[in-house]
Every structure is written in C-alpha cells, then in structure tokens.
Amino acid sequence: MGIKLFDSELKVMDVLWKGGPLTAKRLTEILKEQVGWNKNTTYTVIKKCIAKGAIERLEPNFLCRAVISKEQVQEQETTELINKVFDGSADLLFASLLNRKPLSVEEIERLKQLVNNLK
Amino acid sequence: MDILQMSLLGAVLISAVVIVRALTLHKLPKKTFLVLWGVVICRLLIPFSIPSRFSFYTGIDMLKRAVAETTAFTAPVKTTGISNMGAAPDLEHTIGIGASVVSVSPVTVIWLAGMCACALFFIVAYIKCRREFQTALPVTNNFAALWLREHPMRRTVQIKQSDKIKAPLTYGIFRPVVLLPKTTDWTDETRLRHILTHEFVHIRRFDALTKLLLASALCIHWFNPLVWLMYVLANRDLELSCDETVVQTFGETMKSAYAMTLIGLEERKNRLTPLCNNFSQNAIEERIVSIMKMKKTSVIGMMLALALVIGVPAVFATSANTAGQTDNQDPSTRRLVLLRGANIDTQTVDHLITTHDHHAMSIFDQATGKDRISWDEGKTWMTVEWYSYDEYKTWLEQEKEKLQAVVDYE
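So the sequences go chain by chain: A and B. Residue 78 in numbering that gives the first Met the number 0 sits at position 79 of the first sequence; the count goes up by one each step and never skips. Residue 23 in numbering that gives the first Met the number 0 sits at position 24 of the second sequence; the count goes up by one each step and never skips.
With the rest of the complex left out, here is chain A (with noise of 0.2 Å):
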C-alpha cells in the first residue's frame, strides 16, 4: 500500500493520532486554533484523506477515525526515502546517520539493544 500523505493531511491524521477518533466539527476546532485553518479548509482536507483511505468516517457526527497508523506512516517514508536517495539500502541511510551528528552514549546503547534484539 502506498499512501502519500501530504503535509496538510499529516497535519489532520496528527490530531487524530493524539487525539484518537474525533468528530469532524471537533477538528475543525482544533485546527482552527492551532494552524488557523477555517472550517470549509479542515472539511476539505478531511475528505481528500477518507478518498485516499487514510481517515474512516463513522456515524453519527461525522466520526473519523484514522485507518492508518503513524507507525505506518513513519515506515512508508523511511522506505520511500531510503529507494529515493540512498538507493534501496538501509545501511547507506544508518551510514548516514551515524555520520550526522555523535550519539549520544545513550543512544548508542539503544541502538545497540535494537540490534540485539534483531538478531
């Protein structure tokens, strides 16, 4: 499955994440304090993520509850970045990581735990 999110329709699928299942008009009120949105604009975006099947509506309402998870999300763009620039191969974007800044050495000893935990 390939769903591309955009940043917007991340925005809403976030309050939902939070917020679990919420009705609609209760969004348009929390994206209206914290983005500014108005609620034709929430509405909107609400819609363009149930068509992409990311947002599920339920009755009564105008209940949505998120299909996909965040953790869905997070892989799905960790895949396509890791196919779009560092040519398919994890290791290359761990690489690059680790070259970015020194870890910290509890990060270290996270890292190395999930490694263990893989084996």
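Check the hints yourself; a few may be wrong.
[To be verified] Taking lysine to aspartate or glutamate and the EDC-like style, the derived pairs with C-alpha atoms no more than 16 Å apart in a straight line are:
1. B:K163 x A:E70
2. A:K10 x B:D162
3. A:K47 x A:D13
4. B:K165 x A:D6
5. A:K46 x A:D6
6. A:K46 x B:E285
7. B:K181 x A:D6
8. A:K38 x B:E131
9. A:K47 x B:E131
10. A:K111 x A:D90
11. B:K163 x B:D187
12. A:K3 x A:E79
13. A:K17 x A:E70
14. B:K159 x A:E55
15. B:K392 x B:D407
16. A:K10 x A:E32
17. A:K46 x A:E58
18. A:K24 x A:E58
19. A:K24 x A:E55
20. A:K3 x B:E243
21. B:K294 x B:E243
22. A:K10 x B:E131
23. B:K26 x B:E243
24. B:K254 x B:E285
[Claimed, not checked] Sample of chain A residues with no beta-carbon within 12 Å of chain B, all distances over it, derived:
25. T43
26. N60
27. K69
28. E74
29. F85
30. E106
Bear in mind the hints are in silico, worked out from the structure with no lab data behind them. Built from N, CA and C at the ideal position, the CB exists for glycine as well.
Once you have looked at the hints, place chain B on chain A.
For chain B alone, kept in the frame of chain A given last:
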C-alpha cells in the same frame, strides 16, 4: 457592437506599447510600461462600468439596452407623417414591427459564450488553487515572525508554508498570504530576504488586483489576439517592475545575488497558477537580463519615460477617444451591423440623415421602384412617396375631411 470597436482601438494602443516596450525595455524604468499597460486597460474596460470578471452582468446590460432600443424607436415612426407605414418585405418575418422581440445577433451570442468560458476558466482555476493554498501550514520559523514585525502593513499579512508548491507565491488581495515551499532553506537568510522583499512589493502594490483587471480584460476581449499578448507581457512587466524595486531596495551591488536566487527558484517551477503572484513565473531569461542590465535611470531616460507615458496615450488614446465619444451613436458602425442582420447589402444605403438624436437611412427598393426609409436603423422600413406641392395639398385636404368625418361620427 461597440465592444468590437473598443477592442480595435485597444489593439492599436497595445501594438504601440508592444513596440515601445521592445525598443526600450532595458533602458527605461519598468514602471513606465506599467503605466502604459494601465492606459491600455482603461481603454479596454472603461465603457463598462464594472470591470469585473463576472462580466455576465455586462452581457445582461447589453440585452437590456437592446430591449430599450427596440421600444424607444417606435415613437418617431408615427409622427413623421411622410406616408403610409410598412415594413420592407424581407424584414417582416425576421423582425416584426411591433413585436419588439429581442434579437441578439449570433456574433453577440458567441462573444458572450467565449467571455463566460474564459471567466469560468479563471474562476475555477483560482478557486482550485486557493482551496489548495488554504491548507498551508504556519511557518514555525523565527525569521518569518521577525520579518513580519519589521515590515508592518495595513493589511494583515501571513507567511505560510506548503509542500504542494515548488516556488514562493502570494495570493489574496485583502488578506494576503505569502506561501513558501516546504523545501525552502530557512537558514539562508539572504535568499529569504530577497524572496520576502519581492513578495511584499507585490502585496504593497496590489498586484493581485492588477492581475484580476488584466484577466477581466482578457475575458471580455478574448477574441482579440493582441489582448492575449498584452496579458502575457503585462504580467511579465509586473514581475520586472517588482524586481526593479527589490534591486533598488538592496542596492545595485546585490543584483547578481538576487539573480542567482531567481535562477535557484527556477530549477523547481510551479505549474500554471493564474491570478497569483508567482515569484518565478514567466520568462526567466528576460528577468535575469533585465536585472543584470539594471542601473540608475539617467535624466534622459527619465525624460524619455515621461514623454512616452504622456505621448503614447495622447497619440493613440485620443484618436480612440474621439471615436469613443461616438460609441453610442456612431451611424457608420451601427449601419453595418444592423444591415447585415437585415439581409440588405450595405451598398444600397444611399443616404444617412442624422437629426439631433436619430439617424434615418434610406434605400431605393428596386422591386417596387420606391424609396424606403428607416428611422430605427433598419428594423422597420417605410415607403417614401414623393408629392408635388399640389398633390400634398390635396392629400392634406383629404386627410382633413377624413378626420372631420371621424369626429362627426363620434
């Protein structure tokens, strides 16, 4: 149809401006051309009281005028008393005398249809873009906030970012929004300053409104290729003039840096977004050359610019103006249009008599061997009978008796 005449006059003026522009583009301040385009826009739009892209109402107005004309002209027919009234045979079934049916020529219909199509294109494109732009997210960047504080405006301006656009742009007239691509390098402050200065010049000058005017002129004169040329060139000149102001703001020393910013933006170009001020929309080469050739205008340059701004309209718009004054009652144009509608060869019109507010046309009808005259520009025709003095006197006596008889009978 006076729109045709307006378009023609406009075309002459546009040709003049295009030639002047080609000759002096890199030598004169770019505002010169904006003023000249302004004159062109006035020429193209002024007879319409509402220069708007919703020009559907203009069409309705024309219909109303047509109705008013068909009814208003029935009066003088009765008072002339020259002879018995009768419509020319071939006219009678197309345009009834008293029926006052509104007949819109096919040309008008095509024009209106084209205008609606054009306006619809712009409106739909604009709404689509706008809807997309409104989903932009606020910029979480100190530089933008600082910039807004340093450059206050009467209207509230917002700076937002979007991952759907590739180059910076501005939209909105009353509450303008500067939209920056998500890929903007927020650490490159020189570049950001260039971009924001450019967009703010657009906002300060209400360029969005100017673009709206240009688009409405295009919608009304869609059939005129020179108006299309004007639309393209005037849009470019808006950018050129904006660039000029930016260079003046930062000083000439930075013009190559500014040119580099433009080239950098050109690498990732936007798709067509009408009615929005694009940072890198058109004719990038012309812009770069124009920026690099920019220097302080000499006194001679200024004087030439002034001479052109006064001269071009004076020469091309005055000739237009005299013709413009007769827009309403110019017999020659009216005659052509109406006679074409009435299936009479133009050349058969022998005389054109103009009284203070009507014109009469006369033709010689070869079928009956009689003169025919029309007081309402060919809608209805009366046969002219020529009397000698004595014949007229006799006729008058008869009429008197007839009238007397009517009165007596009552």
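Results of checking the hints against the structure:
1. Annotation: proposed proximity of K163 (chain B) to E70 (chain A) is violated, straight-line Cα distance about 23 Å (limit 16 Å).
2. Taking the CA atoms of K10 (chain A) and D162 (chain B), the gap is about 12 Å. The hint holds against a cut of 16 Å.
3. With a C-alpha separation of about 15 Å, the suggested pair K47 (chain A) and D13 (chain A) falls inside the 16 Å cut-off, and the hint holds.
4. The suggested pairing of K165 (chain B) with D6 (chain A) holds, with an alpha-carbon distance near 14 Å, which does not exceed 16 Å.
5. In summary, the hint linking K46 (chain A) to D6 (chain A) is supported, as the alpha carbons are separated by about 15 Å, within the 16 Å threshold.
6. Distance hint between K46 (chain A) and E285 (chain B) is unfulfilled; the C-alpha atoms sit about 42 Å from each other, more than 16 Å.
7. Between the alpha carbons of K181 (chain B) and D6 (chain A) the distance comes to roughly 9 Å, so the proposed pair stays at or under 16 Å and holds.
8. Simply put, K38 (chain A) and E131 (chain B) have alpha-carbon atoms about 14 Å apart, close enough for the 16 Å limit, and the pair holds.
9. For the hint linking K47 (chain A) to E131 (chain B), the alpha-carbon distance of about 11 Å falls within 16 Å, and the restraint holds.
10. Our distance criterion of 16 Å between C-alpha atoms is met by K111 (chain A) and D90 (chain A), whose separation comes to about 15 Å.
11. A hinted pair counts as satisfied when its Cα atoms are at most 16 Å apart, and K163 (chain B) with D187 (chain B) does not qualify at roughly 21 Å.
12. Taking the CA atoms of K3 (chain A) and E79 (chain A), the gap is near 10 Å; set against the 16 Å cutoff, the hint holds.
13. The straight-line distance between the Cα atoms of K17 (chain A) and E70 (chain A) is roughly 13 Å, inside the 16 Å bound, and the hint therefore holds.
14. Our distance criterion of 16 Å between C-alpha atoms is broken by K159 (chain B) and E55 (chain A), whose separation comes to about 28 Å.
15. Using a Cα cut-off of 16 Å, the hinted pair K392 (chain B) and D407 (chain B) is violated, with the two alpha carbons roughly 22 Å apart.
16. Distance hint between K10 (chain A) and E32 (chain A) is fulfilled; the C-alpha atoms sit about 13 Å from each other, no more than 16 Å.
17. With a CA separation close to 15 Å, the supplied pair K46 (chain A) and E58 (chain A) stays within the 16 Å bound.
18. Pair hint K24 (chain A) plus E58 (chain A) holds up; C-alpha atoms about 13 Å apart against a cutoff of 16 Å.
19. With a C-alpha separation of about 15 Å, the suggested pair K24 (chain A) and E55 (chain A) falls inside the 16 Å cut-off, and the hint holds.
20. As the CA atoms of K3 (chain A) and E243 (chain B) are separated by approximately 40 Å, the hinted pair breaks the 16 Å bound.
21. A hinted pair counts as satisfied when its Cα atoms are at most 16 Å apart, and K294 (chain B) with E243 (chain B) qualifies at roughly 9 Å.
22. About 14 Å separates the Cα atoms of K10 (chain A) and E131 (chain B), which keeps this hinted pair within 16 Å; it holds.
23. Simply put, K26 (chain B) and E243 (chain B) have alpha-carbon atoms about 12 Å apart, close enough for the 16 Å limit, and the pair holds.
24. Among the hinted pairs, K254 (chain B) with E285 (chain B) is consistent with the structure: their alpha-carbon atoms are about 14 Å apart, no more than 16 Å.
25. In this structure T43 (chain A) is not separated from chain B by more than 12 Å, as the shortest Cβ-Cβ distance comes to only about 6 Å.
26. Listed as a non-interface residue, N60 (chain A) keeps its Cβ farther than 12 Å from every Cβ of chain B; the least gap is roughly 23 Å.
27. Every CB of chain B lies more than 12 Å from the CB of K69 (chain A), the least distance being 18 Å, so the non-interface label holds.
28. The beta carbon of E74 (chain A) sits about 19 Å from the closest Cβ of chain B, which is more than 12 Å, so the claim that it is off the interface holds.
29. Even its closest Cβ contact with chain B, about 19 Å, leaves F85 (chain A) beyond 12 Å, as expected for a residue assigned away from the interface.
30. The Cβ of E106 (chain A) sits about 24 Å from the closest Cβ of chain B, beyond the 12 Å cut-off, so the non-interface label holds.
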